[in-house]
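Protein sequence lines correspond, in order, to chains B and Z. Using numbering that gives the first Met the number 0, the first residue of the first sequence is number 0, and each one after it goes up by one. Using numbering that gives the first Met the number 0, the first residue of the second sequence is number 0, and each one after it goes up by one.
These are calculated hints, taken from the structure and not from any lab test. Predicted model, so just to flag it, every value in this text is computed and none were measured. Built from N, CA and C at the ideal position, the CB exists for glycine as well. Misleading hints may appear alongside valid ones.
[What the hints assert, rightly or not] Distance condition first, Cα-Cα at most 25 Å in a straight line; then the derived SDA-like pairs of lysine to any residue: (1) K120(B) - Y62(Z); (2) K56(Z) - R313(B); (3) K64(B) - I239(Z).
[Claimed, not checked] These stretches of chain Z come out as covered by chain B in the derived footprint (C-beta under 8 Å, 3 or more residues): (4) 18–28; (5) 103–115; (6) 227–237; (7) 258–267.
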Amino acid sequence: MDPLLDHAPCGFLSFDDEGIIVRANATLCTMLAYERGELIGRKLEVILSLATGIFYQTHFFPLLKLHGKAEEIFLAFRPKSGPDLPVIANAVRRADEGVSDCVIITVHQRQKYEQEILAAKRAAEEALRSNEELIRAKKELEAHTLTLDRKLHEVEQKNRDLRRVSQILFHDLREPLRKIFAFEKLLRDESDLVNPQGRAYLERIEAASRRMGRLLSALQEFASVESLQDVLGQVDLSASVASAAKRASLAHAIEISYEAEPLPCVEGYARRLELLFFHLFANAIRYRRVEEPPRVVIQNAIVQHNLFAALKNRYRYVDFVKITFRDNSIGFDNKSETSFQLLGKQSEAGAGLGTGLAICRKVVESHYGSISVRSSRGSGAEYTILLPLEQSRDNSSPAS
Amino acid sequence: MNADIARRNNVNVLGTSGQPMVFAHGFGCDQNMWRFIAPAFADDYRLVLFDYVGHGKSDLTAYNPERYRSLGGYAEDVLDVCHALNLRDVVLVGHSVSSIVGVLAAVKEPELFHSVVCVSPSPRYINDVGYVGGFERNDIEELLNTMDRNYIGWANYLAPIVMGAPERPDLTNELTESFCSTDPRVARQFAEVTFLSDNRHDLPKMRVPSLILQCSEDVIAPLEVGRYMHAHTPHSTLRIMKATGHCPHMSAPAETITLMKAYLAELPRQRT
Numbered sequence: 000m001d002p003l004l005d006h007a008p009c010g011f012l013s014f015d016d017e018g019i020i021v022r023a024n025a026t027l028c029t030m031l032a033y034e035r036g037e038l039i040g041r042k043l044e045v046i047l048s049l050a051t052g053i054f055y056q057t058h059f060f061p062l063l064k065l066h067g068k069a070e071e072i073f074l075a076f077r078p079k080s081g082p083d084l085p086v087i088a089n090a091v092r093r094a095d096e097g098v099s100d101c102v103i104i105t106v107h108q109r110q111k112y113e114q115e116i117l118a119a120k121r122a123a124e125e126a127l128r129s130n131e132e133l134i135r136a137k138k139e140l141e142a143h144t145l146t147l148d149r150k151l152h153e154v155e156q157k158n159r160d161l162r163r164v165s166q167i168l169f170h171d172l173r174e175p176l177r178k179i180f181a182f183e184k185l186l187r188d189e190s191d192l193v194n195p196q197g198r199a200y201l202e203r204i205e206a207a208s209r210r211m212g213r214l215l216s217a218l219q220e221f222a223s224v225e226s227l228q229d230v231l232g233q234v235d236l237s238a239s240v241a242s243a244a245k246r247a248s249l250a251h252a253i254e255i256s257y258e259a260e261p262l263p264c265v266e267g268y269a270r271r272l273e274l275l276f277f278h279l280f281a282n283a284i285r286y287r288r289v290e291e292p293p294r295v296v297i298q299n300a301i302v303q304h305n306l307f308a309a310l311k312n313r314y315r316y317v318d319f320v321k322i323t324f325r326d327n328s329i330g331f332d333n334k335s336e337t338s339f340q341l342l343g344k345q346s347e348a349g350a351g352l353g354t355g356l357a358i359c360r361k362v363v364e365s366h367y368g369s370i371s372v373r374s375s376r377g378s379g380a381e382y383t384i385l386l387p388l389e390q391s392r393d394n395s396s397p398a399s
Numbered sequence: 000m001n002a003d004i005a006r007r008n009n010v011n012v013l014g015t016s017g018q019p020m021v022f023a024h025g026f027g028c029d030q031n032m033w034r035f036i037a038p039a040f041a042d043d044y045r046l047v048l049f050d051y052v053g054h055g056k057s058d059l060t061a062y063n064p065e066r067y068r069s070l071g072g073y074a075e076d077v078l079d080v081c082h083a084l085n086l087r088d089v090v091l092v093g094h095s096v097s098s099i100v101g102v103l104a105a106v107k108e109p110e111l112f113h114s115v116v117c118v119s120p121s122p123r124y125i126n127d128v129g130y131v132g133g134f135e136r137n138d139i140e141e142l143l144n145t146m147d148r149n150y151i152g153w154a155n156y157l158a159p160i161v162m163g164a165p166e167r168p169d170l171t172n173e174l175t176e177s178f179c180s181t182d183p184r185v186a187r188q189f190a191e192v193t194f195l196s197d198n199r200h201d202l203p204k205m206r207v208p209s210l211i212l213q214c215s216e217d218v219i220a221p222l223e224v225g226r227y228m229h230a231h232t233p234h235s236t237l238r239i240m241k242a243t244g245h246c247p248h249m250s251a252p253a254e255t256i257t258l259m260k261a262y263l264a265e266l267p268r269q270r271t
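Bound-form chain B, shown alone (with noise of 0.2 Å):
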């Protein structure tokens, strides 16, 4: 090595691209303490302190790589013995023999101007921030505590009218229906009152009072989801499907199978949570093939997902459960969003009326989880589920 460059007031290091030392000027080596013999072939590492290390291999090596050069880099040198040396390099790689070329000065001085500056920059950004923080968050509650208390008192003016409703829908009306059914028989056991044409007339007069009767039940049922007894507590989801099976097997008296990997507990609604399964499950029945027994296959991980469902640019992930639920039914043709409106899927049957999907959502979204179906006719339905896997603390009852 020339001799100025040996001796010059800097250190000088060479090191290939897999950050091995070729060259060591000997003021480096004063530097470090260190024989240059115990540098060259030594990896670059045995110099560098550790999170300089890193500094190296995420952000030095490749801006040389890529850009060929570097500048006014602070590192942090470990000498043999003694602290760290704080240091300034400039590098430039040769890219026809990968080799960089490395000019290192110490910042002994500097460096505690920097810290200083440094100490005082962040202490003003910080300030800055917390202050532009604190007048937005103000701005976004004084805003949000309005809506908030709009919304509410919609809800409640909401929930009333619906109360009256349902009222109307599950006493009211049965009386009249019952009516209709009372003098429709009457009226047909009174053979000399009608002829044929008539007695025709009476029994689609029948059908379409029973199919009312039936529309009642389904929405009486949907609405029952919200009077269940139902205490918020740790649910082992196992167990929930393992008893919405046996349930929805008993109500339609057909056997269905299924295999689970273990499922997680969740904090959540026991009654609520199984009434869901037994809706999947139940669908699964009834929409069966008729050349297979119907067969359910449930898996589930636990994700992270984001808590907020509704207000854009916020997050909060936490732990979610996603759950598969995938039968062999004759499927559906995929149209999520009216899969799980309330009557939205009226089978040509009459066998299901549409409830029991919309329940599912209702559960669902009780927990502030979301749930999913992809299906096409002849393959089955998939289901996904998504369950947060705590419910927020600060709501002791769920959305109702």
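The hints should help you fit chain Z onto chain B, whose structure is shown.
Just chain Z now, with coordinates in the frame of chain B:
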């Protein structure tokens, strides 16, 4: 393609057909870091490159500290890109922390992914009882400090790069903007999220096959970490590389390409 996501994440697609291969850059850089290996896959795959929000030429105004406070937010970026392009059967290639981001994305929506290639991954950088991560907490504090020191005037520091080809200002401007530039605020939060997170419990949930490329000498992800990854990730394949360092896709692109091609050739093209 969903134009919002394309702009937000500076999505670049090469090719119109073939199985998609999505590249997720690691901490400290942007999609440029893939330029030594991506071309080798251009004939067989549809290549998708992107920058995380806050990195490279992404839309900085879309950065939301609340979202990117956890690696889950970064996984959401990967999933957003896949959904925006309507991708299926994706080969996801992630470097360093993005390997773990890839694992999170593949655990959340396994149906989207064919396989995940993890280049120099680590599920946890800080040592723990019975676990060697390679670092103590104060090493990480020092790293954050080093980053702060190097971001004094980071923007100015980037400026001289323009000087590279003064006769082609169009080209050089592009370089300045795109060269591994990260907003210091974003870089710092990414460093914290990367080096302070612990994702060991996510590994056993993997159903998608994965390739772990472990360098033989890597200060950031030592050999023990690669072995740990392999032992705890179902359906994973471990390949110890001759290459050293943390960035084999830049320092040893040929070996990286060979190992990736060999691995992908053995997997069925479509997952069942």
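> In ascending order, which of the hints set out earlier in this document are inconsistent with the structure?
Replying inline: As far as the earlier hints go, 6, 7 are violated by this structure, in ascending order.
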